[in-house]
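Student: Assemble the whole structure, with the sequences as input and the hints as a guide.
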Amino acid sequence: GDSVTQMEGPVTLSEEAFLTINCTYTATGYPSLFWYVQYPGEGLQLLLKATKADDKGSNKGFEATYRKETTSFHLEKGSVQVSDSAVYFCSSANAGGTSYGKLTFGQGTILTVHP
Amino acid sequence: GAGVSQSPSNKVTEKGKDVELRCDPISGHTALYWYRQRLGQGLEFLIYFQGNSAPDKSGLPSDRFSAERTGESVSTLTIQRTQQEDSAVYLCASRPEGGANTEAFFGQGTRLTVV
Chain G
1 GDSVTQMEGP VTLSEEAFLT INCTYTATGY PSLFWYVQYP GEGLQLLLKA
51 TKADDKGSNK GFEATYRKET TSFHLEKGSV QVSDSAVYFC SSANAGGTSY
101 GKLTFGQGTI LTVHP
Chain P
1 GAGVSQSPSN KVTEKGKDVE LRCDPISGHT ALYWYRQRLG QGLEFLIYFQ
51 GNSAPDKSGL PSDRFSAERT GESVSTLTIQ RTQQEDSAVY LCASRPEGGA
101 NTEAFFGQGT RLTVV
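Residue numbers (the numbering used here), protein chains in the order written: chain G, 1 to 115; chain P, 1 to 115.
None of these hints come from the bench; they were simulated from the model.
Here a beta-carbon is modelled for each residue, glycine too, at the ideal position from N, C-alpha and C.
Hints are not guaranteed to be accurate.
Ranges between beta-carbon positions, derived for each pair [what the hints assert, rightly or not]:
{"id": "1", "chain 1": "G", "residue 1": "P115", "chain 2": "P", "residue 2": "N52", "range": "48 to 58 Å"}
{"id": "2", "chain 1": "P", "residue 1": "R81", "chain 2": "G", "residue 2": "H114", "range": "39 to 49 Å"}
{"id": "3", "chain 1": "G", "residue 1": "S79", "chain 2": "P", "residue 2": "Q83", "range": "38 to 48 Å"}
{"id": "4", "chain 1": "G", "residue 1": "T26", "chain 2": "P", "residue 2": "G51", "range": "22 to 32 Å"}
In the DMTMM-like style, the derived pairs of lysine to aspartate or glutamate whose C-alpha atoms are separated by at most 20 Å in a straight line are [to be verified]:
{"id": "5", "chain 1": "G", "residue 1": "K52", "chain 2": "P", "residue 2": "E97"}
{"id": "6", "chain 1": "P", "residue 1": "K11", "chain 2": "G", "residue 2": "E42"}
{"id": "7", "chain 1": "G", "residue 1": "K56", "chain 2": "P", "residue 2": "E103"}
{"id": "8", "chain 1": "P", "residue 1": "K57", "chain 2": "G", "residue 2": "D2"}
Tutor: Below is the structure:
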């Protein structure tokens, strides 16, 4: 079945550091890919998405590119802020077959940014 | 409503009792999802609905777990004869339609504690 694997966490960075959180997926067909974020005390919300190969999703300075050849969707930000401290989840949405529309999530990566 | 609503927000129950968790999706959303999030863990898929049917129930941990959805609206997740390992946050999400490209909207979750 479909699966999503994120890099081990937690990740601790200083403000203005560069961030990469790795995500790889296995899927039947070509899923859509998402990053969701959960800020402290809040529910999960969409950060960005990409729906086909080579698409780049971006939001709030974060970017991720859908790489079909490496089945990856790594999240990057050039300069993190304290307010980016949160849990980040990579997700895939099944695009065909009997589980059409099923959403699969990675295990989440806790990011802490220090001033 | 304005968002996905889950009730109760917190539930403490004695081992062996049955519990019922409720999810009210955003009006008009046809796809509805249930996940379990144990402390420090990722999102564990339980079940999802397309309308009133459940194409994939593979994530339900045992026959003590069941879910239903009526009228393409409210869904209830029932856990019978609760065990301590059932303690977790149960998250519900909905999507406008069950395709691959749309964003999922999450509720705040129900925190279940089995004592």
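Student: Does each hint fit the structure? Answer for all of them.
Tutor: Tested hints:
no.	hint	in the structure
1	P115/G x N52/P: 48 to 58 Å	holds, 50 Å
2	R81/P x H114/G: 39 to 49 Å	holds, 45 Å
3	S79/G x Q83/P: 38 to 48 Å	holds, 46 Å
4	T26/G x G51/P: 22 to 32 Å	holds, 28 Å
5	K52/G x E97/P	holds, 18 Å
6	K11/P x E42/G	holds, 18 Å
7	K56/G x E103/P	holds, 16 Å
8	K57/P x D2/G	holds, 14 Å
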